[in-house]
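J.: Working from the sequences, and respecting the hints, build out all of it.
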Amino acid sequence: MRALLRGVLALLREIADENAYHRHLRVHGRAHSAAEWRRFSDERLARKFAQGKCC
Amino acid sequence: MKKIAGRIAWGLISFAAAFFMAGIAIDRGEPVNSFWIVLAAACTYLVGFRFYARFIAARVMALDDQRATPAERLRDGHDYEPTNKWILFGHHFAAIAGPGPLVGPTLAAQFGYLPSVYWIIIGAVLGGAVQDFVILFCSMRRDGKTLGQMARDEIGKTGGITALLTVLFIMIILLAVIALVVVNALKGSPWGTFTIAATMPIALFMGLYLRYWRPGRVLECSALGFVLVMASIFGGQAVASSPVLAPWFTWPATTLAIAVMAYGFLSSVLPVWLFLAPRDYLSTFIKLGVVAMLAVGILVVHPTLQLPAFTRFVDGSGPIFAGKVFPFVFITIACGAVSGFHSLISSGTTPKMIAREWNAWPVGYGSMLLEGFVAIMALIAACSLQPGVFFAVNSPPGVVGANPAAAVATISSWGYPVSAGEMSALAADAGEKTLFYRTGGAPSLALGMARIFSSSVGSSSVGSTTGGGSALLGFWYHFAIMFEALFILTIIAAGTRVGRFMLSDLLGNAYPALKRSTWMPGVFATSAVVVMAWGYFLYQGVRDPLGGINSLWPLFGIANQLLAAVALCVGTTIFIKMHRARYMWITAAPLAWLVAVCFTAGYQKIFSDQPRVGFVAEANHLQSGLDAGTIAAGKIAETQATIFNDRLDAAVCGVFLIMVALILIDSVRAWVRILSGAREVQVDEAPFVLSHLQTEEL
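Those protein sequences? They're chains A and B, same order as listed. All residue numbers for the first sequence refer to numbering that gives the first Met the number 0, where the first residue is 0 and numbers rise by one. All residue numbers for the second sequence refer to numbering that gives the first Met the number 0, where the first residue is 0 and numbers rise by one.
Simulated from the structure, these hints should not be mistaken for lab results. Some hints here could point you the wrong way.
Unchecked claim - Derived DEER-like restraints, expressed as beta-carbon distance ranges:
(1) ALA49(A) with ILE664(B): 25 to 33 Å
(2) THR694(B) with HIS21(A): 16 to 24 Å
(3) ARG46(A) with ASN32(B): 45 to 53 Å
As the structure is a prediction and not an experimental result, all values here were calculated from the model. Ideal Cβ placement from N, Cα and C applies to all residues, glycine included.
T.: Here it is in structure tokens:
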């Protein structure tokens with residue numbers, strides 16, 4: 000049950016781009032800050048919404 | 000011993016699949032419980048996944064976990080990132096599941112439940128899931144190339160251009176038709192209109208919260224957004240019961256259509272972080288939550304289906320849309336069975352996140368089966384309504400009569416009794432003034448869902464279509480409407496933006512400034528053009544006395560299935576190039592079926608001599624009325640507009656068919672040349688690189 004909840008939370012964090020943000024911080028060796036989130040978010044959203052959403 | 004137990008278990012599941020599939024097909028003259036359908040789908044999907052998909056993965060694709068995927072080779076922490084397969088499964092499912100698998104089966108229920116059940120189950124196993132899986136595999140072996148790039152590289156220039164144009168056209172029709180679904184759900188409904196209007200400032204608040212107040216806290220922000228949206232449903236109830244506020248939010252369809260167009264324009268020009276992104280996060284979470292709730296609700300309530308296996312409308316005289324069960328059930332239900340749009344997702348972000356090749360099996364094939372299950376649940380929700388109520392909600396005034404008395408008389412004369420009093424009581428329970436003429440599928444689906452949700456929390460009186468009165472039904476009805484409208488509007492916002500990018504790219508070749516996304520006059524102009532394109536079709540649908548769905552949904556279905564045909568052409572070509580020609584039937588068989596279905600439907604929509612089916616016949620019929628002077632003076636302008644729209648729809652349909660005929664001819668020519676040895680085979684796969692990915696990295 001705990002594993003299932005962990006999996007659900009991981010999925011939600013993936014959909015929320017929170018996991019991607021942590022990967023971004025890790026890969027670039029940076030710390031979290033408002034400016035860093037905005038930089039990441041702008042890049043991420045630009046790519047994400049260059050593609051249509053499914054019907 | 001374990002092996003034998005496994006074989007016995009799979010033997011039993013296979014037997015159960017055959018038993019339940021046959022069981023629902025045999026007419027026993029008694030209502031069918033939805034459990035039969037749930038079990039038929041579940042068992043068939045399990046067998047398809049375990050045997051057919053595994054066969055494709057092992058024998059045809061030769062998936063190899065030793066081979067490094069693009070996520071590993073090109074890892075950049077952004078797009079390319081090896082991801083746990085179950086997380087990616089959920090991510091991919093969230094991306095492919097839109098309103099299509101909910102609305103399509105609801106509309107197709109006019110034929111009865113049986114054609115839809117069979118198409119959703121068989122179509123998903125042999126067609127839709129195969130397409131998604133094959134395109135995901137092809138893209139994964141090509142560093143995450145898009146469908147358009149693969150069509151150009153594998154088939155030829157015509158294929159690439161056709162794929163691009165098809166996507167643009169399908170997007171325009173898609174946005175128009177789903178906008179029509181929302182407009183028809185909200186017209187004359189202050190409760191629904193207020194709730195959806197409230198989601199706009201909520202999204203802006205969420206955008207600012209994420210950007211400036213709590214950067215990076217997406218889950219926290221979405222939870223807050225969810226609480227506010229739920230509060231707005233209760234707010235909507237208060238607005239609807241206020242004699243002062245209710246008229247402010249009681250809008251006719253034309254006003255709502257203009258509001259949706261304004262919304263599409265604003266969401267295309269506003270910064271994405273401010274409006275679109277927070278809505279997208281929120282609607283995705285609510286979508287997943289509601290799908291899970293619906294699954295639990297159906298298991299708990301397991302309603303009996305009220306609609307028969309077949310209705311009289313299999314003959315083509317259906318009130319929701321005209322046309323015989325073949326081919327129209329197969330284009331009405333696209334998402335849920337076979338959806339070309341999925342190929343764009345399967346060749347989008349997902350192939351860049353696959354950690355191991357074998358993960359494509361559950362992600363590509365399994366996700367589509369789950370979407371098929373969503374379609375089955377939507378069908379059950381719709382079919383659990385009494386047939387008279389179902390048709391009263393979904394039939395346009397142009398078919399059943401312009402007042403409730405005429406409508407109930409017409410519907411009852413079909414053998415589906417319903418009374419005006421019954422409809423009034425149901426509307427009162429749902430918190431609406433009326434539920435007549437709510438075409439588009441969303442309101443009837445919401446009623447079915449509300450019935451299941453409210454029954455599953457223990458309200459026994461709720462859901463009987465004779466009223467019974469309960470605040471619960473009203474809440475759940477508007478919760479379901481909010482859920483549908485929220486994510487449909489998010490798709491409209493995202494789609495308008497993508498259409499704007501495509502148009503800027505296209506026109507930017509002539510006027511380079513348009514390619515700069517920071518040049519605001521260009522952003523405004525291209526957004527306006529895209530909104531006007533889909534807005535035109537939306538407005539046409541809103542003004543259509545036959546409800547708009549009759550003309551627009553088939554166009555959308557044809558376009559979507561034709562895109563699937565393009566994807567299957569690409570898949571077949573790649574199989575042949577991989578020296579798997581003996582397995583080309585895996586993609587060629589669903590391709591042949593889709594071509595037969597789409598071309599038959601397209602031909603009938605253009606050339607049928609029945610005015611309700613054929614665009615040209617309706618235009619001619621109206622024109623002859625004009626020529627004979629039998630059209631009232633006040634209706635002449637409207638009739639001329641309808642004639643123009645019919646001709647336009649016929650032309651659009653014709654363009655779809657011609658484009659796909661071109662790509663089909665191009666593909667067949669390539670296959671023949673490869674198979675006859677006239678063309679050298681070049682497999683455009685990325686080279687083999689040994690994987691060094693560690694399990695703990697996932």
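J.: Can you name, in rising order, the numbers of the hints this structure does not satisfy?
T.: Per hint list: zero violations.
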